[in-house]
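Peer 1: Assemble the whole structure, with the sequences as input and the hints as a guide.
Those sequence lines, one after another, are chains A and B.
All the letters of the first sequence, read from the start, carry residue numbers 1 to 226 under the numbering used here.
All the letters of the second sequence, read from the start, carry residue numbers 1001 to 1199 under the numbering used here.
Take these hints with a grain of salt, some might be off.
Selected chain B positions facing chain A (in silico; Cβ < 8 Å) [said to hold, decoys possible]:
#1 ARG1071
#2 PHE1073
#3 LEU1142
#4 ASP1190
#5 ARG1195
Computed footprint of chain A on chain B, listed as stretches where at least three residues anywhere in the stretch have a Cβ under 8 Å from a Cβ of chain A [said to hold, decoys possible]:
#6 1020-1034
#7 1144-1154
No lab work stands behind these hints, which were simulated from the structure alone.
Built from N, CA and C at the ideal position, the CB exists for glycine as well.
Listed here are the chains, written in short residue letters.
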Amino acid sequence: MPEIRFSGVGHRFGDRTVLDGIDLTLTEPRLGIVGGNGSGKSTLARMINGLITPTSGSVSLDGLDTTAKGREVRRRVGFVFTDPDNQIVMPTVAEDVAFSLRKSQLGKREIAARVTASLRRFGLVDHADHPTHLLSGGQKQLLALAAVLITEPDVLVADEPTTLLDLRNARMVNDLLASLSQQVVLVTHHLNLLGGFDRVVVLDGGQVVADDSPASALRTYTGLLT
Amino acid sequence: MTVIGLFHPGNSALHRLSAGWKLLGMVLAVTAVLFLREPWQLGVAAVVTAGLYAIARIPARVAAAQLWPMRWFLLLVAIFQLIFAGWQPAVMVCGSLLLTVAVAALVTVTTRVTAMLDVFNRLMQPLRRWVDPDRSGLLLALTIRCIPLMVDIVRDVSDARKARGAHFSLRAMAAPAVVRALRSADALGDALVARGVDD
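Peer 2: Below, the structure written as structure tokens:
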């Protein structure tokens, strides 16, 4: 698995310290990040693919610094956002998945074949020509995942991908995440999703307050809430 | 639901025809409509357009959905023309407008947005020293994509305004709608970077 390394990472938005003194080396296949609102977990997740760069310290993926080599890092790190509506670019389902391959050297037929295979995998093949805005919330999130995973990234970072979904759709997305061969970093409020994970990091006030197995880390997290 | 982006999948001759030819045909057809002078000519053009919809195997409800949003506008134009110009100009003006939209919609429902963007991209090539064709194409795609997003935002804000009893407050409508639109734009920007648009 790739190695994601945070070395003395801090981040400030104006006067507000969002992250402070983060030192983490993440190599496990399934990693969870939990914390309350404003704890810094989304900022931490966005640092993995260089969407946000640290104001102190450094973040790297297999030695590639996310500040200096942001584009190279982003080619290896797929990112799924909370609201899929903000991630879908094209008006129809197949076109949106194909958009991810527009800069590949593949021919039109090969792209079409890969898009069809991807949509079949994600249960969207019957919706290939549907307008994206008419999909259900769960289908939109599956589309967002399909569009990211068709580029075969080494790491998938998902920032609360189930927050806007009902239980059934959340389970569908969760099952899909569980089936991936990639390293998955999942930011979530749905603690039950982290059961089979290898490691869970708990953030509070921009600092790591627990970094342990899911059971132990989640005990710490629920302790923070009481 | 918006008219834009309603590609209707199919395998008809019109679906298979390249987007460039369809757009050229549309320009010629719309120009021809502007030169129609008699109601019977309009009738012939309407039959030809209906025939093209039939060739493309576009269901009547899909075809009607393209024209339905024009109903109030056409009604206003018709009333205005009837009062100030008479029935024949009213028929010609409304019929021409309806035909023009029908022809444009036929291109929309038989052509994928990506195919249109490819044409746009090719047309922009001579200007590539000054304008990035890829970026311009993406801008067009995003514009089309953002229409339903904006409709959703405005609908949500409007519902929230009504729920809070501020039915007629323009500020209660505009301020949150603009804030949400800007937030969405920000998030979309992040997503575009994450999806490698900057590469």
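Peer 1: Please go over all the hints and tell whether each is borne out by the structure.
Peer 2: Here is how each hint holds up against the structure:
Hint status for B:ARG1071: violated, given a least beta-carbon distance of 22 Å to chain A, over 8 Å. For the restraint placing B:PHE1073 at the interface with chain A, the shortest Cβ-Cβ distance is roughly 23 Å, beyond the 8 Å limit, so the hint is violated. The beta carbon of B:LEU1142 is positioned within 8 Å of a beta carbon in chain A (closest approach about 6 Å), and the interface hint is therefore held. With its C-beta approaching chain A no nearer than about 6 Å, B:ASP1190 sits inside the 8 Å limit, and its interface hint holds.
Given the 8 Å rule on beta carbons, the hint for B:ARG1195 holds: about 6 Å separates it from the nearest Cβ of chain A. For the segment 1020-1034 of chain B, the stated coverage by chain A is not satisfied: 0 residues place a CB nearer than 8 Å to a CB of that chain, which falls below the threshold of 3. Closer than 8 Å: that is the beta-carbon criterion, and the segment 1144-1154 of chain B has 5 residues meeting it against chain A, so the requirement of 3 holds.
Of the numbered hints listed earlier, those contradicted by the structure are 1, 2, 6.
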